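Q: Using the sequences provided together with the hints, build the complete structure.
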Amino acid sequence: MAAISTLHEKSTDALLPDHGSNNLELAAYQHHNTASSKFRQSVGTINDRNWFSVLVFAISVLIFHFDIHRRAKRGLSDDEFMEPILALRGAAHLGMELGPWLMKSRLLAAIKRRVEGEKPPWDDLAKQAISNLQLVNETSSPLQTRAIYRDTLNKLQFWLRFSSCKPRTWLHFVWWPGAIDQEYLDLLARKDQMALIILIHWCAVMKSSPKKWFMEGWAENVSRPVIPQIGQEWDGVMEWPLSRI
Numbered sequence: 338m339a340a341i342s343t344l345h346e347k348s349t350d351a352l353l354p355d356h357g358s359n360n361l362e363l364a365a366y367q368h369h370n371t372a373s374s375k376f377r378q379s380v381g382t383i384n385d386r387n388w389f390s391v392l393v394f395a396i397s398v399l400i401f402h403f404d405i406h407r408r409a410k411r412g413l414s415d416d417e418f419m420e421p422i423l424a425l426r427g428a429a430h431l432g433m434e435l436g437p438w439l440m441k442s443r444l445l446a447a448i449k450r451r452v453e454g455e456k457p458p459w460d461d462l463a464k465q466a467i468s469n470l471q472l473v474n475e476t477s478s479p480l481q482t483r484a485i486y487r488d489t490l491n492k493l494q495f496w497l498r499f500s501s502c503k504p505r506t507w508l509h510f511v512w513w514p515g516a517i518d519q520e521y522l523d524l525l526a527r528k529d530q531m532a533l534i535i536l537i538h539w540c541a542v543m544k545s546s547p548k549k550w551f552m553e554g555w556a557e558n559v560s561r562p563v564i565p566q567i568g569q570e571w572d573g574v575m576e577w578p579l580s581r582i
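Under my numbering, the first residue of the sequence shown carries the number 338, and numbering increases by one thereafter.
Derived by calculation from the structure, the hints in this document are not laboratory data.
None of these values were measured; they are calculated from a predicted model.
Hints may contain errors.
What the hints assert, rightly or not - No farther apart than 30 Å at their CA atoms in a straight line, the calculated lysine-lysine pairs in the DSS-like style are these:
1. K549 with K456
2. K528 with K544
3. K528 with K456
To be verified - The following label-pair restraints were derived from C-beta to C-beta distances:
4. E417 with V452: 28 to 34 Å
5. F389 with D572: 47 to 53 Å
6. A447 with R487: 33 to 39 Å
7. P458 with N384: 37 to 43 Å
8. K549 with K464: 38 to 44 Å
9. F499 with I383: 23 to 29 Å
10. S390 with Q569: 21 to 27 Å
11. I383 with E570: 24 to 30 Å
12. S468 with E570: 15 to 21 Å
13. W571 with N491: 18 to 24 Å
For glycine and all other residues, C-beta sits at the position ideal for the given N, C-alpha and C.
A: See the structure below:
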């Protein structure tokens with residue numbers, strides 16, 4: 338929690354100058370690494386006694402990563418631009434391990450009631466944008482990648498319905514990164530154009546999440562190093578996500 342406290346201390350400030358930002362992030366990383374090490378040493382396997390502590394720790398790690406990634410200046414010279422999605426993917430996999438306990442808990446029932454009580458307006462433009470990408474994939478993608486992108490986009494469409502086009506729970510935030518296949522991540526790491534475009538569309542929907550201090554500017558910052566790598570021939574399919582980010 339010290340890592341989150343360190344970041345939250347400056348959460349309402351404008352982004353710090355490089356030297357101040359570096360010092361802040363270094364302190365947060367040190368707290369995070371210390372806490373992670375101690376937690377791994379104290380928790381062997383998830384059980385009835387510790388599952389809630391594991392859940393709280395996982396959420397604190399998510400908050401840490403959201404805030405670090407909304408602040409950090411990232412480029413495409415290495416795999417830095419992959420870090421945000423990989424962090425959410427790791428959280429999703431931990432969430433699956435916690436699934437048996439969550440399914441039996443009153444916490445999940447309370448979350449379900451709250452989510453069912455919310456009725457965000459359906460975003461037809463978001464659905465149409467993903468549908469357009471699906472059409473482009475079927476008509477333009479090479480055969481060796483078409484099936485990979487078909488599966489990735491099908492999961493993105495499912496996620497739109499699941500989140501009602503407005504991600505607002507921890508499960509909404511991590512579901513798609515956890516559901517995509519490694520083959521898509523390999524294409525993303527190689528900076529394949531369609532892989533980058535799909536990522537930007539996901540970020541555009543994530544941008545509609547409720548305003549939280551640790552997510553303010555996150556979608557924009559994750560997208561920033563990726564957008565310039567997408568060729569002008571994709572301007573048509575990029576029009577919608579760029580209008581949102």
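Q: Each hint: holds or not?
A: Against the structure, the hints:
no.	hint	in the structure
1	K549 with K456	holds, 19 Å
2	K528 with K544	holds, 22 Å
3	K528 with K456	violated, 36 Å
4	E417 with V452: 28 to 34 Å	holds, 33 Å
5	F389 with D572: 47 to 53 Å	holds, 48 Å
6	A447 with R487: 33 to 39 Å	holds, 36 Å
7	P458 with N384: 37 to 43 Å	holds, 42 Å
8	K549 with K464: 38 to 44 Å	violated, 25 Å
9	F499 with I383: 23 to 29 Å	holds, 24 Å
10	S390 with Q569: 21 to 27 Å	violated, 50 Å
11	I383 with E570: 24 to 30 Å	violated, 48 Å
12	S468 with E570: 15 to 21 Å	holds, 20 Å
13	W571 with N491: 18 to 24 Å	holds, 20 Å
Hint compliance for this structure: hints 3, 8, 10, 11 are not met, and every other hint is.
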